[in-house]
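The listed protein sequences correspond, in order, to chains F and D.
So in our numbering, spot 281 of the first sequence is number 281, and the numbers just go up one at a time.
So in our numbering, spot 25 of the second sequence is number 25, and the numbers just go up one at a time.
You may find that some hints are simply not true.
Note that the list lumps identical chains together, so a pair holds whenever it fits in one copy or between two copies.
Within a straight-line C-alpha distance of at most 25 Å, the following computed PhoX-like cross-link-like pairs (lysine-lysine) qualify [stated by the list, open to error]:
{"hint": "1", "residue 1": "K295", "residue 2": "K56"}
{"hint": "2", "residue 1": "K4", "residue 2": "K201"}
{"hint": "3", "residue 1": "K336", "residue 2": "K350"}
{"hint": "4", "residue 1": "K27", "residue 2": "K350"}
{"hint": "5", "residue 1": "K350", "residue 2": "K365"}
{"hint": "6", "residue 1": "K12", "residue 2": "K348"}
Please keep in mind that the hints were generated in silico from the structure rather than gathered at the bench.
2 protein chains.
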Amino acid sequence: MINKKMLALGQKRSAIRELFEFGRKRKAEIGAENVFDFSIGNPSVPAPEKVTQVMKELLETVDPVQLHGYTSAQGDASVRAAIAAAEEERSGQPVSPDLIYMTCGAAASLTVSLHALVNPGDEVIVLAPYFPEYRVFAEKAGALLVEVPCLPDTFQIDFDALAAAISPRTKALILNSPNNPTGAVIPAADLARLGDLLREKEADCDGEIYLICDEPYRALVYGDVEVPYVPAFYERTLVCYSYSKALSLPGERIGYILVPPTMPNAAEIYAAVCGAGRALGFVCAPALMQYAVAKCGNLTANLSVYEENRRILSEGLADIGYTFTAPDGAFYLFVKALEEDAAAFCEKAKDFELLLVPSDSFGVKGYLRISYCVSTQQIQRALPAFRALYESYQKEN
Amino acid sequence: MINKKMLALGQKRSAIRELFEFGRKRKAEIGAENVFDFSIGNPSVPAPEKVTQVMKELLETVDPVQLHGYTSAQGDASVRAAIAAAEEERSGQPVSPDLIYMTCGAAASLTVSLHALVNPGDEVIVLAPYFPEYRVFAEKAGALLVEVPCLPDTFQIDFDALAAAISPRTKALILNSPNNPTGAVIPAADLARLGDLLREKEADCDGEIYLICDEPYRALVYGDVEVPYVPAFYERTLVCYSYSKALSLPGERIGYILVPPTMPNAAEIYAAVCGAGRALGFVCAPALMQYAVAKCGNLTANLSVYEENRRILSEGLADIGYTFTAPDGAFYLFVKALEEDAAAFCEKAKDFELLLVPSDSFGVKGYLRISYCVSTQQIQRALPAFRALYESYQKEN
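Start from the sequences, fold in the hints, and give me the full structure.
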């Protein structure tokens with residue numbers, strides 16, 4: 001009699017969550033240092049010291065009635081002006097504070113965008129592998145989720161497969177670059193081709209196709225990799241940002257949606273975003289955090305730790321014999337399983353105290369995700385276990 | 001092609017918001033001190049000093065990775081334990097931390113509860129006058145909103161009207177005590193009668209009827225008024241709480257949903273709440289605020305200011321000749337308009353620089369809401385304007 005879909009979502013643990021709970025029990029049994037938990041994408045690097053300083057200053061200097069009061073539903077005007085300025089500097093493109101909507105983090109950015117755009121029965125395309133909650137969010141907005149596999153090994157867009165999947169019912173495509181779980185970053189040339197494809201398909205089917213860019217890992221890239229500004233390639237783009245990963249503030253739930261001024265009917269799209277936020281119960285984004293990120297948005301946590309972790313893990317696993325594509329961003333390594341059934345492989349890994357997420361819930365088979373936002377020591381100590389796991393497969397064959 | 005309902009919600013300003021914008025312009029024209037803005041329910045009393053202290057201590061003493069990290073989706077376990085203990089002390093009834101779900105404030109508490117319970121086509125009853133966003137929230141969850149008028153003058157439950165409105169499709173009744181906009185508090189005797197009625201109707205129609213108690217004003221009561229613990233009168237009750245008004249933290253978006261252990265199938269209801277929160281994009285409630293309210297939940301802001309405002313405003317308006325029922329809680333005075341059309345009356349009030357919200361958007365005609373969460377000086381300076389407005393109506397007749 002209550003809502004069975006919501007009940008099922010509450011009762012059914014995600015694979016990641018299941019593994020996390022297993023890890024908690026196992027650590028209690030044999031000691032935390034003996035369990036190599038690579039399940040969760042929770043930043044292991046602290047927020048920049050300046051974020052703490054700024055919050056303390058705000059608490060010490062601003063009238064609490066103002067500091068903790070309602071901001072306007074779309075976010076405080078001065079906060080949106082600061083973010084617009086930062087986005088303009090990043091992109092070299094015009095950005096309006098009046099088209100920025102502050103959100104309670106990346107998940108809220110996505111649900112608000114989807115509810116603003118989707119009508120029941122519309123299709124939303126995701127490129128597999130993809131973050132599993134995309135399905136939950138899209139279906140709750142009334143959409144049918146359509147999975148399009150990426151190219152094997154590179155995990156870049158398979159344009160033939162994508163072209164074949166776009167239908168007259170396609171309302172949106174969710175793009176996640178840098179990607180969770182693969183770390184792939186979509187290069188400018190592919191974005192240009194994607195823009196061309198979407199425009200062509202729009203003309204064919206007389207509808208509108210929106211690109212929803214989920215970019216929480218935008219600031220986490222390695223070497224000279226750059227994450228292009230997607231609206232420059234396709235105008236009908238919504239950019240969903242969150243400070244969770246870049247500033248190591250995942251629990252504080254703060255991010256934004258950017259509607260580029262070049263978007264056709266930008267004011268209407270923005271109004272629908274405001275309407276969806278209102279209907280879903282987002283009154284305003286947390287006020288103190290709004291003011292804090294406005295002053296710290298240009299910072300990132302000390303990412304050299306992730307860079308070091310990536311290097312040690314990649315070199316160590318390659319040396320053992322594992323295969324993977326080096327990630328350009330985020331903090332995940334997506335590794336080929338040593339047997340066809342990734343879930344079975346990850347079960348076996350538990351015998352070596354390795355907690356790895358099988359790729360099935362990301363919409364592809366045969367891989368596992370290693371979150372390397374952990375201590376560097378954990379990676380170093382885990383390498384012998386990875387070797388023993390590998391060797392156990394060699395013996396079998 | 002985008003979602004027209006969300007677009008309409010974003011484009012159509014609420015009456016309150018419209019008035020607020022008018023006030024902003026008018027203040028710029030003639031000076032803020034000359035405009036008597038009673039439109040908004042934004043607490044005017046600062047958060048208790050201890051809240052600021054606790055937040056600073058947390059920032060100074062807790063590892064930022066832990067302080068700003070994800071809590072579990074339902075909220076940090078120690079935070080839920082502290083809230084459960086406080087709820088047990090308040091109610092004298094058993095409360096389980098594992099049936100408390102931390103939310104991003106009152107609006108989120110309501111949308112999550114509604115999405116957990118409602119199936120498309122269900123009916124949700126509200127008692128008019130009611131907070132206008134209840135309609136937005138209930139309709140977004142797929143429900144049909146059914147308005148049941150309260151008794152005139154007292155704004156207490158009209159049991160005959162309510163009994164007539166309950167149908168086999170009734171899934172929930174939203175109760176808001178202390179009430180926005182009337183300040184009415186539902187007494188224990190009426191809650192007992194309500195429990196009896198709902199149980200009787202459930203038996204008749206072979207369905208389940210849930211009581212959703214929206215209680216952000218629970219700590220704001222006057223004299224010896226007490227707000228009863230509703231689950232003691234009706235088991236199938238969800239309690240939605242927010243710290244916005246009691247701790248003057250409306251912008252920080254922090255509250256919770258309590259499923260009482262006496263609720264039949266409490267674990268299922270709680271799972272559906274978790275599922276709805278997940279699907280709507282609420283990953284966890286803001287972490288720093290969770291830890292802060294766990295340490296400050298037993299405090300309230302200095303409510304003597306609201307008590308003083310209520311006294312001065314009530315005495316002043318009664319002396320002039322206005323009629324109203326004295327509010328037992330919250331910070332609103334619901335006053336009879338001097339003509340049938342409350343909107344026309346509030347338009348006329350603008351000539352006297354008085355910004356008052358007509359009752360139409362609360363689902364009743366002929367009244368206006370005065371938010372007295374303003375400075376006491378504003379009330380004192382506004383009384384001559386209220387007198388002049390009153391006299392302008394005497395002259396006409």
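Quick rundown of the hints versus the structure:
1. K295 to K56: both (13 Å within a copy, 18 Å between copies)
2. K4 to K201: Cα proximity of K4 and K201: across copies only (23 Å, versus 37 Å in one copy).
3. K336 to K350: within (17 Å within a copy, 70 Å between copies)
4. K27 to K350: Close inside one copy (12 Å), not across copies (66 Å); limit 25 Å.
5. K350 to K365: within (19 Å within a copy, 66 Å between copies)
6. K12 to K348: within (23 Å within a copy, 57 Å between copies)
Every hint from the earlier list agrees with this structure, and none is contradicted.
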